[in-house]
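Colleague: This is what each chain is made of:
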Amino acid sequence: MIQLCSNDDPPVSFTVPRKAVELSKTIKTMLEDLEGFDMEQTPIPLPNVDAPTLELIVKWVEQHQDDPPPVEKPRVEDDDSDDSDADDDQEPEVVIPEWDKKFLPTDDEQKNQLFKLLNAANYLEIKPLLDIGCKYVADKISGQTVEWVRDYLNMENDYTPEEEAKLKEEIAWAEGL
Amino acid sequence: MAEHIRDTDADSGRFGPSGACVSLRTLTAGDLARVALVCRSFRRLSLDGLLWRSKFQQKYPTLAKHVVDKDTEWMEVYRQRYCAGRLVKRALHLLAGRYVRREGLLVPYTVMKESLVKDPSFNLVMCIDALRCILNDYDDQRLHRNLTERFYGAQLLSYIIKFYHLRPQVEQWQRLGGTNLIQGVLLFSQWFRPEVELDEAAFESALQELEGKARARLMEKAPTHPLITKLKHWSELTAVDRHAAISAVIYTFQSVGLVGDEDTGNIERSCVDLVLTTKKARPITLCALFHLIADRIGIVTELISFPGRFFLRFVEHADLESDAERYTYVDVWEGGNFRNENALWAWWGGIEKNRDWLSGVDAKKLVYRMLANHRQGGESLKTTVSALEMSVLVEPQELQLRMALARIYCDYMETNYDLAVDLLENSPRPVPTAVGHGGRQGACPFLIQVETYKDQAKSRLATHGIERPENELKVKKRSEMPGVRYAVGMIMRHKKYNYTCVIAGWDDKCAAPRAWQMQMGVQTLQRQGDQPFYNVLADDGSNRYAAEDNMIFEPKPVPISHDEVAKYFCELDSSGQFYRMNEHKAVEYPEDEERVLQYVADHYSPVISDD
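If you read the sequences in order, they're chains X and F. 1 is the number of the first residue of the first sequence in the UniProt record's numbering; add one for each residue after it. 1 is the number of the first residue of the second sequence in the UniProt record's numbering; add one for each residue after it.
Simulated from the structure, these hints should not be mistaken for lab results. Hints are supplied without guarantee of correctness; some may be wrong.
To be verified - Cut-off 30 angstroms, straight-line C-alpha distance, at most; resulting in silico cross-link-like pairs (DSS-like, lysine-lysine):
1. X:K166 with F:K59
2. F:K70 with X:K168
3. X:K166 with F:K279
4. F:K476 with F:K382
5. F:K279 with X:K168
6. X:K168 with F:K382
7. F:K70 with X:K166
8. F:K70 with X:K127
9. X:K127 with F:K59
10. F:K65 with X:K135
11. X:K168 with F:K213
12. F:K279 with F:K213
13. F:K59 with X:K140
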């Protein structure tokens, strides 16, 4: 078992099976680097993750610890390789499993929690979690107005009015898409 | 909040706005373009080349494989292709509306040019792909769908492929002497089949395969053959070795079934790339293939444009004196047989014998003869026109061909006067001896004829303009003419003549001239001329005008093979029981579709469908 600590003061710690925690590439690499130390006794601090988010992460990795590992494709470097194989290098369509659909904090008031979760998944390199979360957000903003997307993602419009007008003109072709 | 934005993984279009990571990968192309407006960091991500590349590959696979430039601006390419698709659709819609009430089947080139090519955003490659996508989007189930768009799409594609894509290539090939055989026969093939994208690489590998087979056969029969060991050049070979080499190629052609086909009128028998798969070929095409394969092995053959059939020949006995003894001929029909000169004359059987017929010709002459086969083949006006159009590029000096094409432009297409004038005005200076068999004597009257014709075309251009006149739009509402039983789109049968047809229009009373009525015996009908008459497109390809008394419901409706069906109907209903009017025809008969549906429901047993 491995202990994970949140960044709260005082930290909240969670005990997770090693198999589950290794779904995080970040932690897995760390554990491999520290081979020989008794990691069961050393809590791992996660400076970027708060307790509610970490709780979600733990819940997710425990649920998915027995998933078959994703097929790792050798990453084709785009600039120096022959382009012919890169053409087939299309990632498969992401499908959100039923359990995960219920798991994701998808209520509108929880959206900041969702974003925190995704950021944590990104920091901890839990690709499948990141994929389904990103897919959820993308579906959410699909077909929405620019203003709605800004509001949803807490973004600020950093264009000058002139820039915005010019850009609108540039992408006018995509209106019917 | 915006200060928290940071890129975490820009390559896959993922980033973290205020604590969130969003992947743009799953957005649609439209959303992807639009989110650029959210903020600057979104814009940077929305321009991501890899993302747009994958969108492009998904949406336009046929075009994507041609974009090999690594610095491609994928979003821009996507935009161009998308806009080309819209432009093409708009042009097709325009043509369909413009010709629904004009006679004839062929849209004048000038009109097509105006509706598509002259648009400032016209992009040839993108538009060709867009049109091919429309034309090739059918299978057995959807064969009778999207008829109108495909009908005009085929004309538009043929026009832009011939005049903008291939013409410069043919001219270039001709200027370089027309010696490249592969290029010549492939240009021919593409010229007549614009909807197919010619795959030169696949053709090359098919040739390679045949070459490999022929080599293997030669090796099997003569393991130490000089062409296998590469010790000697063809010119140094003995008669026995030469004979063996040719035999290996003949064997190969027979073994893969490339043996010639009786149905020579079909353009598909002439297209060299297609022939490799169908195995059905005219002798001339087989000769071209044979020549190419032989050449790859090191065998030298000559192409012989003999009257009645194309042959090949090779020097078998280099040491003998007379041509008749030196040369052996190969008749590719039935896979290939050896013939001597006498056998050829015997086969020909004609009184006129010209030794020039026996000399080898170049690729240009071969292509020219392929074209001649289809100029006179009587397949369809479209094929004849295409053959003439390519012929005048291959042999610009042939004034007679220009004249023939100009005539068709004016008389049959009735509309391409401007092109006709251009053909006759800009021909290279005619050389009288090059005209016809009559030489100098025959030339002069012919030149006068050309001059006269040119003037005629010019005056027609001035008085008629390019287009045929449009028939006046008369909206016909059934509610105002309750006597009319049948409606546009119904599939009917003529009681007396027994043809099947589809109704394309009607009058509540016979609107034909009295003389026609008398001749057709309208007065013998029960209601005479005082009954609805229908314009119908019959299954035999004819247009007829039939009285209601003579029409019954077709008990077993079938698709009607008539060229004009596509002008008025967008599809055969999935039940196969009636044709659905396109929007342009529906303007004329706004209340007919409802009537059709009701009648079909009453008369045919319902078709059980999946939904």
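Colleague: Determine for every hint whether it applies to the structure shown.
Modeller: These are the hints, each one checked on the structure:
1. X:K166 with F:K59: 27 angstroms, holds
2. F:K70 with X:K168: OK: K70 of chain F and K168 of chain X at ~28 angstroms, within 30 angstroms.
3. X:K166 with F:K279: 58 angstroms, violated
4. F:K476 with F:K382: 34 angstroms, violated
5. F:K279 with X:K168: 55 angstroms, violated
6. X:K168 with F:K382: 46 angstroms, violated
7. F:K70 with X:K166: 28 angstroms, holds
8. F:K70 with X:K127: Distance of about 28 angstroms is within 30 angstroms: holds.
9. X:K127 with F:K59: At roughly 26 angstroms apart (the allowed maximum being 30 angstroms), K59 of chain F and K127 of chain X satisfy the hint.
10. F:K65 with X:K135: 28 angstroms, holds
11. X:K168 with F:K213: 60 angstroms, violated
12. F:K279 with F:K213: 16 angstroms, holds
13. F:K59 with X:K140: 22 angstroms, holds
Hints 3, 4, 5, 6, 11 from the earlier list are contradicted by this structure; the remaining hints agree with it.
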